[in-house]
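Undergrad: If you want the building blocks of each chain, they are given just below.
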Amino acid sequence: MVLGKVVGTVWATRKDEQLTGMKLQIVRELALDGTVRDRFVVAVDSVGAGIGETVLMAQGSSARQTDITRNRPVDAVITAIVDRVDAEGAA
Amino acid sequence: MVLGKVVGTVWATRKDEQLTGMKLQIVRELALDGTVRDRFVVAVDSVGAGIGETVLMAQGSSARQTDITRNRPVDAVITAIVDRVDAEGAA
Amino acid sequence: MVLGKVVGTVWATRKDEQLTGMKLQIVRELALDGTVRDRFVVAVDSVGAGIGETVLMAQGSSARQTDITRNRPVDAVITAIVDRVDAEGAA
Amino acid sequence: MVLGKVVGTVWATRKDEQLTGMKLQIVRELALDGTVRDRFVVAVDSVGAGIGETVLMAQGSSARQTDITRNRPVDAVITAIVDRVDAEGAA
Amino acid sequence: MVLGKVVGTVWATRKDEQLTGMKLQIVRELALDGTVRDRFVVAVDSVGAGIGETVLMAQGSSARQTDITRNRPVDAVITAIVDRVDAEGAA
Numbered sequence: 001m002v003l004g005k006v007v008g009t010v011w012a013t014r015k016d017e018q019l020t021g022m023k024l025q026i027v028r029e030l031a032l033d034g035t036v037r038d039r040f041v042v043a044v045d046s047v048g049a050g051i052g053e054t055v056l057m058a059q060g061s062s063a064r065q066t067d068i069t070r071n072r073p074v075d076a077v078i079t080a081i082v083d084r085v086d087a088e089g090a091a
Numbered sequence: 001m002v003l004g005k006v007v008g009t010v011w012a013t014r015k016d017e018q019l020t021g022m023k024l025q026i027v028r029e030l031a032l033d034g035t036v037r038d039r040f041v042v043a044v045d046s047v048g049a050g051i052g053e054t055v056l057m058a059q060g061s062s063a064r065q066t067d068i069t070r071n072r073p074v075d076a077v078i079t080a081i082v083d084r085v086d087a088e089g090a091a
Numbered sequence: 001m002v003l004g005k006v007v008g009t010v011w012a013t014r015k016d017e018q019l020t021g022m023k024l025q026i027v028r029e030l031a032l033d034g035t036v037r038d039r040f041v042v043a044v045d046s047v048g049a050g051i052g053e054t055v056l057m058a059q060g061s062s063a064r065q066t067d068i069t070r071n072r073p074v075d076a077v078i079t080a081i082v083d084r085v086d087a088e089g090a091a
Numbered sequence: 001m002v003l004g005k006v007v008g009t010v011w012a013t014r015k016d017e018q019l020t021g022m023k024l025q026i027v028r029e030l031a032l033d034g035t036v037r038d039r040f041v042v043a044v045d046s047v048g049a050g051i052g053e054t055v056l057m058a059q060g061s062s063a064r065q066t067d068i069t070r071n072r073p074v075d076a077v078i079t080a081i082v083d084r085v086d087a088e089g090a091a
Numbered sequence: 001m002v003l004g005k006v007v008g009t010v011w012a013t014r015k016d017e018q019l020t021g022m023k024l025q026i027v028r029e030l031a032l033d034g035t036v037r038d039r040f041v042v043a044v045d046s047v048g049a050g051i052g053e054t055v056l057m058a059q060g061s062s063a064r065q066t067d068i069t070r071n072r073p074v075d076a077v078i079t080a081i082v083d084r085v086d087a088e089g090a091a
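Protein chains in written order, with the numbering used here: chain A, 1 to 91; chain R, 1 to 91; chain U, 1 to 91; chain W, 1 to 91; chain S, 1 to 91.
Check each hint, because a few of them may be wrong.
As the list claims (entries may be wrong) - Computed list of lysine-lysine pairs in DSSO-like fashion (alpha-carbon distance at most 30 Å, straight line):
#1 A:LYS23 / W:LYS23
#2 U:LYS23 / S:LYS23
#3 R:LYS23 / U:LYS23
#4 W:LYS23 / S:LYS23
#5 A:LYS23 / R:LYS23
Worth flagging that the hints you see were computed from the coordinates, not collected in a lab. The structure presented is a predicted model; accordingly, all values stated were derived computationally and were not measured.
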């Protein structure tokens, strides 16, 4: 999984019906020292993460293993809101 | 998922029969500020996106979770036409 | 999917028996302006593409969704021979 | 698979219930000479690896093929603690 | 698939039991001209490849489509020993 920071939201009216009702959050990847990277993805939120929160994100087919994303065209999902990172070099 | 901009179309007569009738769009990835990146993929369009539109794209096995791509040799699909991006640093 | 150019062939006698009879083509990725990139993959050919042809290639689990690659240890397949690319910035 | 070094732990209270009880380790990738790279992922630990240990890590859907990760939204898992690397250029 | 060169072996006693008996080879990726790249992965060997041999490697879920890797936490497998590469720019 990847550590990220929620920085925004994507709005779309015309979409695959399987995406109906899903919150599409923009998540920028975090470096180990807590700085945000340029790389970002749009992820479905399964845990109610708000803007500015540090999150854990699963990608690929693993992103479809939550109750709200199962069998849907989703390749990134927020699976946790991070309380703390204990690591050498972490901020 | 990834944000992209539809910039063109691929035409192919000789192809795997499972691709018959599918629109193959060229999608360049977008940075968060809305500028287009060099990186691009060819994606099947499931929502009728036109040239110049900003879209959401799913990749990998998740690209096969729409009605028109299921069980087909497709690894990228346009799943939404983006109305608005609300994000720190977005254009 | 990715646009590529077939530039060669790989020959192997000792191999997993599920690869028996498969043509293994070397495909270099193409930029949007038609120039070849350094990046290349070895792909199974499902459409009879010859050296020098521009092709469409699917990767990952999607590469196993053709009749000849199903359930085999193959992660890249040529799915179409490209007739034309209509795109901003295309050659 | 990828060689990595366990450098830390991620703590999260609010998370997808399928992650309950899983140890989330931060693993930095190793170069062949044993130096740590900047690239890191958060992986579920299936073998009891401690901080500072060199490990083997599987990613993508293969990360869900252990008893503790099956069908869960997990895209990286530690599958072995490495005793020794015999390689040209290895430290 | 990717062309690689076997450069070493990984030894691990404490591991997921599904990896028992598998030979874990270190494979460095090859450029088209035959030079080895820095990028490497640890792959299960399904064809008896020795150190120094040029091999074909499948990754991701496709790496689980051989008899010895099926349903196991393995994301890279050697599927062939390469006899010859015929390509523009190949050594």
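Undergrad: Next, verify each hint and record whether it holds.
TA: Against the structure, the hints come out as follows:
no.	hint	verdict
1	A:LYS23 / W:LYS23	holds, 27 Å
2	U:LYS23 / S:LYS23	holds, 27 Å
3	R:LYS23 / U:LYS23	holds, 27 Å
4	W:LYS23 / S:LYS23	holds, 27 Å
5	A:LYS23 / R:LYS23	holds, 27 Å
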